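Residue numbers (the numbering used here), protein chains in the order written: chain H, 1 to 372; chain Z, 1001 to 1372.
Among these hints, one or two may not hold up.
Said to hold, decoys possible - Sample of chain H residues at the chain Z side, in silico, Cβ under 10 angstroms:
(1) Q46
(2) G51
(3) A147
(4) L155
(5) P158
(6) R336
(7) P339
(8) T347
(9) L349
(10) H351
(11) I357
Claimed, not checked - Quick partial rundown of chain H residues pointing at chain Z, CB under 8 angstroms, derived from the structure:
(12) D48
(13) V87
(14) A153
(15) R356
(16) R359
What the hints assert, rightly or not - Quick look at which bits of chain Z chain H covers, simulated, 3 or more residues with Cβ under 8 angstroms:
(17) 1305-1316
(18) 1319-1326
(19) 1351-1364
By construction, these hints were calculated from the structure, which means they are not laboratory data.
It should be emphasised that the depicted structure is a prediction, and the values quoted were computed from it without experimental measurement.
Note that the Cβ used here is the ideal one computed from N, Cα and C, for glycine as well.
There are 2 protein chains.
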Amino acid sequence: MLRLQGEMIRGGTSKCWIFDHHDVVATGVDTDTLLLAAYNAADPRQIDGVGGASSTTSKAAIVQASTKSGVDVEYAFAQVGIGDERVEWASNCGNCATAVALYAVHNGLVPLTSDSTTVRMLNINTGARLSGTIPTPGRAAPDAGTARVPGTAALGVPVLLGFEDPAGTSTGRVLPTGHALDTLTGSIGTVEVSLVDAGAPAALFEAKAFGLDGTESLGDFASTVPALTVLRRQAALAMGLAEETDPVSHAVPKVGVVARPVAYRTTDGTHVPQDEYDLAVRMVSMHAPHPAIGLTSAVAVATAAAIPGTLAHRVARQTADGTLRLGTPAGVITARAVPAAEGASPTVLLHRAARRIARAELLVPVLEGRPA
Amino acid sequence: MLRLQGEMIRGGTSKCWIFDHHDVVATGVDTDTLLLAAYNAADPRQIDGVGGASSTTSKAAIVQASTKSGVDVEYAFAQVGIGDERVEWASNCGNCATAVALYAVHNGLVPLTSDSTTVRMLNINTGARLSGTIPTPGRAAPDAGTARVPGTAALGVPVLLGFEDPAGTSTGRVLPTGHALDTLTGSIGTVEVSLVDAGAPAALFEAKAFGLDGTESLGDFASTVPALTVLRRQAALAMGLAEETDPVSHAVPKVGVVARPVAYRTTDGTHVPQDEYDLAVRMVSMHAPHPAIGLTSAVAVATAAAIPGTLAHRVARQTADGTLRLGTPAGVITARAVPAAEGASPTVLLHRAARRIARAELLVPVLEGRPA
């Protein structure tokens, strides 16, 4: 039985296992094989592994100190299959980036400074650059904090997460097709879409095209997921993210609907008045409604909402100071765009939280040094 | 942030965290407080803790070496709440007992013998005595094995689990009301029931009383769970397991339906012919269909099927050699009753499997030495 060190860290509303790249290499096992076995991906309940059997709890990041200029830590993000022996390496995860930042300050991957430490990260799946700023008073790495994010009542270490120059990370262009508005044909016929690439590539539709108002509960939104899943593939082709002959990705691009703000209730029953947010959004995570919104999706939505002609711009309340309050099923998440150095798109900042849950030695049922 | 050592072990079709009693005491924190925080029980997704957000993955056992005669290891089993800040201590879990046995041979709680080691266990929730026999060739504790149980394709260390003198563990009588057949009144009116106590207290109904044939899929059986939940409370009162003023337990007694064998398909699609099992059974786990059957429930069903006059006896195919093949949603589980010492009810043996998944240091968000 192979041994592998890892840390289970909550980043925002995701539970991520973080592994050191050198430990993974030292196993001599192909990384996909290792993760599929460690998580028991073959089982929809992941009963024989460390996976949590949901899209937000079947995630991993593999990290290492970086020698690249302006980068402290590189990480590869893995979405590990659930009842599906596949690992998706095509996307980034902002919640896991938050966890990576906390891991980095605890494991000597970045020198600590007083009163806070900024971890400069490179996501090697997408080339995205992120920063995570964590309070480190007295140059001590914190385990506890009082920061909260919508979607969980749990407290954690505050992490200010920045998406640096997010426009065009995956495709080189913020509008990969060159248009703010395209059309795609799916199971509901031809529908308008805005295809954007910022933080993550995303295909954003208007909620009303699906007979929705964009403030649906998770249960009510679920019935639209199959139609969006079909459109995700069409969007991937249109954005140049996949060729016709490639296998279908369930992770790329992000897909969801946007709408004008109207009063709604969050999943936990909290009333959100119409004037307390600027744009309603319901996103898909793999094959199910996302309980909140992925952070890379939040960056894409915020970026789209600032571009005249997109569907998000059409329905979002416009603000003067670069903030955009997104009304998600879990509550309101505020993205703030701040000017960056010349030639770079604005950095998008999000206030997040992370907590180390466990440090572990995993026993992985693969033979050492024997890739499958 | 409090630190606590633990091991995540799969026992059969459950994922259990095993903690050492001395480590738990050393925290200075009330055990319920500790587990609720470690698992993030308050959250239905348990996103800030080690819980797996399902009834079969939100379990713990707290173990210690025993000084009692004929007992190697005592353990307390905890069913930790999911979106519910409560820990149930009222029941035993056979799958976790399997995990406890593997933990015991790995952590010096029992001397190893060649070629196998039997761990004699006392479940302190119910007073049940169990044995777990594990191959230990060369007095070495195994991490890997090739044993399988219905409900998972994963391989594990073979554990022969024995329920010793299981009759009347919780109430002192195998038929707590003195009758093989009782009636209870629930949401569907008055219904026949057999109330038995062996392995666990259980209330067993005939499937046809609910319009079922006992071979329903998990989805189809789910609609009957609310009616059985109401009847569980009535059964608890009838069996003397609860008083009217006690809070409602969702764990005690076990509740389910039995029926004559007919051909069916398991959850993974495997066809089970009518002659390959002896009794159809569909059990409830907390608020949902059990994906297979709890092992203590299997002991109760097997015991009931051997008692003339019970509903299980009425519909089960009778066998001559003490074996009873139970047709569960996950597949067929065989229980074998073997004669025990005089005055004791037959030991019920089940072939199970266990695997250590991870050894961990948990970071628990409670203040050290400060019980809530």
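Chain Z contact restraint for L155 (chain H) - C-beta distance below 10 angstroms: Check passed: Cβ of L155 (chain H) comes within 7 angstroms of chain Z, closer than 10 angstroms.
P158 (chain H) as chain Z interface residue, shortest Cβ-Cβ below 10 angstroms: violated (15 angstroms)
Cut-off 10 angstroms, beta-carbon criterion: hint that I357 (chain H) touches chain Z: holds (6 angstroms)
Satisfaction of the L349 (chain H) interface hint, Cβ to chain Z closer than 10 angstroms: Cβ of L349 (chain H) sits 23 angstroms from chain Z, so the hint is violated.
Coverage criterion applied to the region 1351-1364 of chain Z (partner chain H; beta-carbon cut 8 angstroms; 3 residues): holds (count 9)
Hint validity - T347 (chain H) Cβ closer than 10 angstroms to any chain Z Cβ: violated (27 angstroms)
D48 (chain H) as an interface hint toward chain Z, with CB separation required under 8 angstroms: The hint holds - D48 (chain H) has a Cβ within 8 angstroms of chain Z, the shortest such distance being about 3 angstroms.
Hinted contact V87 (chain H) with chain Z - closest CB pair below 8 angstroms: This interface hint is violated because 18 angstroms lies over the 8 angstroms limit.
Hint validity - R359 (chain H) Cβ closer than 8 angstroms to any chain Z Cβ: holds (5 angstroms)
Coverage of the region 1305-1316 of chain Z by chain H (three or more Cβ within 8 angstroms): Not satisfied, violated; 0 residues make the cut.
Proximity test - 8 angstroms, beta-carbon atoms, the region 1319-1326 of chain Z to chain H, at least three hits: This one is violated; 0 residues, fewer than the three required, reach chain H with a Cβ under 8 angstroms.
Closest C-beta approach of A153 (chain H) to chain Z relative to 8 angstroms, hint status: Hint on A153 (chain H): holds, closest Cβ of chain Z at ~6 angstroms, below 8 angstroms.
Figure legend: structure checked against the earlier numbered hints; hints not met, in rising order: 3, 5, 6, 7, 8, 9, 10, 13, 17 and 18.
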